Amino acid sequence: MEGLADPDLAAALVAGSQDALAELYDRYAPLAYGVALRVLGDPARAEDAVQEAFLKIWNGASTFDARRGSLRTWLLTAVRNRSIDYLRGRAAHERQEQELVPELVEAGARSDPWRQVSLSLERTAVREALTSIPAEQRQAVELAFFGGYTHREIADMTRVPLSTVKGRMRLALEKLSSYLQGRGLVDV
Amino acid sequence: MSEHEELEASVAAWVLGAVDTDEAELMRVHIDACAICREAAVRLRRAAGALPLAADDVAPPARLRERVLTAAAASRGSLATSAPRRNEPRRPVRMTPRATTRARLPIYAAAAAILLALVVGAVAGDLIGRDSVRPPTSTVARFAVVGNQELAGARATVIDLKSDGVVLVDFNGLPALRSGKVYEVWLITSDGRADPAAVFVPDSNGSKVVLVNRSLEGYSLMAVTREAGPAGSDAPTEQPQMSGTIT
Ligand SMILES: [Zn+2]
Numbered sequence: 001m002e003g004l005a006d007p008d009l010a011a012a013l014v015a016g017s018q019d020a021l022a023e024l025y026d027r028y029a030p031l032a033y034g035v036a037l038r039v040l041g042d043p044a045r046a047e048d049a050v051q052e053a054f055l056k057i058w059n060g061a062s063t064f065d066a067r068r069g070s071l072r073t074w075l076l077t078a079v080r081n082r083s084i085d086y087l088r089g090r091a092a093h094e095r096q097e098q099e100l101v102p103e104l105v106e107a108g109a110r111s112d113p114w115r116q117v118s119l120s121l122e123r124t125a126v127r128e129a130l131t132s133i134p135a136e137q138r139q140a141v142e143l144a145f146f147g148g149y150t151h152r153e154i155a156d157m158t159r160v161p162l163s164t165v166k167g168r169m170r171l172a173l174e175k176l177s178s179y180l181q182g183r184g185l186v187d188v
Numbered sequence: 001m002s003e004h005e006e007l008e009a010s011v012a013a014w015v016l017g018a019v020d021t022d023e024a025e026l027m028r029v030h031i032d033a034c035a036i037c038r039e040a041a042v043r044l045r046r047a048a049g050a051l052p053l054a055a056d057d058v059a060p061p062a063r064l065r066e067r068v069l070t071a072a073a074a075s076r077g078s079l080a081t082s083a084p085r086r087n088e089p090r091r092p093v094r095m096t097p098r099a100t101t102r103a104r105l106p107i108y109a110a111a112a113a114i115l116l117a118l119v120v121g122a123v124a125g126d127l128i129g130r131d132s133v134r135p136p137t138s139t140v141a142r143f144a145v146v147g148n149q150e151l152a153g154a155r156a157t158v159i160d161l162k163s164d165g166v167v168l169v170d171f172n173g174l175p176a177l178r179s180g181k182v183y184e185v186w187l188i189t190s191d192g193r194a195d196p197a198a199v200f201v202p203d204s205n206g207s208k209v210v211l212v213n214r215s216l217e218g219y220s221l222m223a224v225t226r227e228a229g230p231a232g233s234d235a236p237t238e239q240p241q242m243s244g245t246i247t
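Sequences listed follow chains A and B, in order. Just so you know, we're using the numbering used here here: the first sequence kicks off at 1 and counts up by one. Just so you know, we're using the numbering used here here: the second sequence kicks off at 1 and counts up by one.
Chain A extracted, bound-state conformation (with noise of 0.2 Å):
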């Protein structure tokens, strides 16, 4: 399991491989943990939120499209939609919109040794990325991807037009894209 690309590892949780579930939390759990555990500052819900994103991928497994993104990003984007689901006190059901599933190709359909280095080179260029932009924009994205706020909201605690929220979260996303696609950590 331990060298196993996405698709093959998302075939093996379809076929209800325990060990392919197993190799998926020793991968990905304290990533998923860290981002829950900023969202909510709760350990235990934290706790919650990582543990029913596992069951999530486990049980979706089969509609896993490794053109569509990697598991690790369908994982983690689902620890923190919970994560805020949680912190806004409402039911996963209630989620209306759409699960932010990125196109994103990368890590995996590549080896295991490969993994490793894309993932602490993206991670390096996220971060990057976020310092090298102006403050008010990281914030308006911060606020919203581990705060859970809306752009209304934002614009009401920030006393800023909502245009203004929407032009920041805008030019921050387009920064990061490029910062993103200049390192070839995504296909264009």
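If you are wondering where the hints come from, they were derived from the structure by calculation, not from laboratory data. It is possible that some hints are incorrect.
[Said to hold, decoys possible] Below, computed lysine to aspartate or glutamate pairings styled on DMTMM-like, alpha-carbon distance capped at 20 Å:
id	chain 1	residue 1	chain 2	residue 2
1	B	Lys208	B	Glu150
2	B	Lys208	B	Glu66
3	B	Lys181	B	Asp195
4	A	Lys175	B	Glu39
5	A	Lys175	B	Glu8
Here the structure is a predicted model, which means the values were calculated and not measured.
Position chain B with the ligand relative to chain A; hints supplied.
Coordinates of chain B with the ligand only, in the frame set by chain A:
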């Protein structure tokens, strides 16, 4: 202003999950039909998908691994053996927030405040009076089961994954059993009927994640006794050594 002009500005917010519910639906419909916005959404989604990497790795508690694997085995099992359960009507939504989740609200507020302080700095004060946290309707309920008498040091957290039809009981601090004995978990109704729910022997650290393969609906208490192994008893033969109120 055309619909496109109006909505294009919100594509990034939409990708971040930061638009209101009504607007999200408008966006979804528009993006299906508008090539320009769709192209932008795809590009920005790739970027948003990398945002979790801005969080630090944190090693989860070791027992979370066992919880995940146990719940997975159970939820797949329930899909395979009782697929029609998915079609059963959802349980009625309780009108009052559960005690445990209500108790957690201040923690949410505190966590949100800390987050804000980290990312917003000076404007953090604005959030504190914000009152948009709705009553929790989580699909996961948690409650504690605590020991008494000889099991005074024992404790369990019950995690009811309602959407997956799985209940996990995460035991800690259980004393070793005398030879031939097992711990038995009981579900007790408000009129005092005790139904056997699970039988187990803890590991050498006094820990165990136990799966209860039935709904807690209609029960008011969970309790634990020591019974003759390996199968346990049909009815409790001693006073409960651990108990907790089902919330
Ligand atoms: Zn458009």
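Proposed proximity, Glu150/B with Lys208/B (alpha carbon, max 20 Å) = At roughly 18 Å apart (the allowed maximum being 20 Å), Glu150/B and Lys208/B satisfy the hint.
Within 20 Å, alpha carbon to alpha carbon, are Lys208/B and Glu66/B?
-> Distance ~9 Å between Lys208/B and Glu66/B Cα, so the pair holds.
When you check the alpha-carbon spacing of Lys181/B and Asp195/B, does it fall within 20 Å?
-> holds (19 Å)
Compare the distance between the alpha carbons of Lys175/A and Glu8/B with 20 Å, and conclude whether the hinted pair is satisfied.
-> Roughly 17 Å separates the two Cα atoms, so the pair holds.
For the pair we were handed, Lys175/A and Glu39/B, check the Cα-Cα distance against 20 Å.
-> Distance of about 16 Å is within 20 Å: holds.
Checked against the numbered hints above, the structure violates none of them.
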